[in-house]
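Chemist: Sequence:
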Amino acid sequence: NSMLIFNKLSWNAVLDIVCLRLNGVAERLKDQHIILDVDNATKNLLFEKGYSAIYGARAIAHVVQTDVLFSLSQKLLKGTIWYVAVPRSLKKPLTCNRR
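Letter by letter, the sequence shown follows residues 1 to 99 in UniProt numbering.
In short, the hints are calculated from the structure, not lab data.
It is possible that some hints are incorrect.
[Claimed, not checked] In the DSS-like style, the derived pairs of lysine-lysine whose C-alpha atoms are separated by at most 25 angstroms in a straight line are:
id, residue 1, residue 2
1, LYS43, LYS8
2, LYS30, LYS43
3, LYS75, LYS43
4, LYS8, LYS78
5, LYS49, LYS75
6, LYS49, LYS8
7, LYS75, LYS30
[To be verified] Using C-beta positions, here's what the derived DEER-type ranges look like:
id, residue 1, residue 2, range
8, ASN7, SER73, 34 to 44 angstroms
9, GLY79, LEU45, 40 to 50 angstroms
10, LEU9, ASN40, 14 to 24 angstroms
11, ASN44, LYS75, 41 to 51 angstroms
Remember, it's a predicted structure, so these values are computed and weren't measured experimentally.
Just so it is clear, CB atoms sit at the ideal spot from N, CA and C, and this is done for glycine as well.
Put together the whole structure using the sequences plus the hints.
Modeler: In structure tokens, the structure reads:
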């Protein structure tokens with residue numbers, strides 16, 4: 001039998017995971033000609049909701065799915081959204097600014 005020991009993730013590592021998940025959403029929205037631009041307050045909120053000292057960043061994917069994707073999907077289906085924020089650049093992926 002083997003035992004795995006996991007070290008606690010740093011704030012920057014968890015933020016990178018949040019950004020990775022948001023970049024996945026941004027890629028999916030490109031087909032609809034929608035550019036996702038997420039501010040730092042929202043990234044921090046997703047971080048807080050998705051990170052646990054015990055379970056790490058496992059819940060971040062779920063939080064992004066329920067808090068971001070579901071809401072966007074509903075608005076797109078209803079036709080109440082035609083853009084998401086202001087694009088930083090059409091050629092660059094979503095970037096994360098450190099605190």
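Chemist: Could you run down the list of hints and mark each one as holding or not?
Modeler: Comparing the hints with the structure gives:
1. LYS43 - LYS8: Distance ~19 angstroms between LYS43 and LYS8 Cα, so the pair holds.
2. LYS30 - LYS43: 20 angstroms, holds
3. LYS75 - LYS43: Satisfied, since the Cα-Cα distance of roughly 20 angstroms is no more than 25 angstroms.
4. LYS8 - LYS78: 41 angstroms, violated
5. LYS49 - LYS75: With a Cα-Cα distance of about 22 angstroms, the restraint between LYS49 and LYS75 holds, given a limit of 25 angstroms.
6. LYS49 - LYS8: 17 angstroms, holds
7. LYS75 - LYS30: Given that 25 angstroms is the threshold and the Cα spacing comes to 16 angstroms, the pair holds.
8. ASN7 - SER73: 34 to 44 angstroms: 36 angstroms, holds
9. GLY79 - LEU45: 40 to 50 angstroms: 26 angstroms, violated
10. LEU9 - ASN40: 14 to 24 angstroms: Distance hint for LEU9, ASN40 holds at roughly 19 angstroms.
11. ASN44 - LYS75: 41 to 51 angstroms: 22 angstroms, violated
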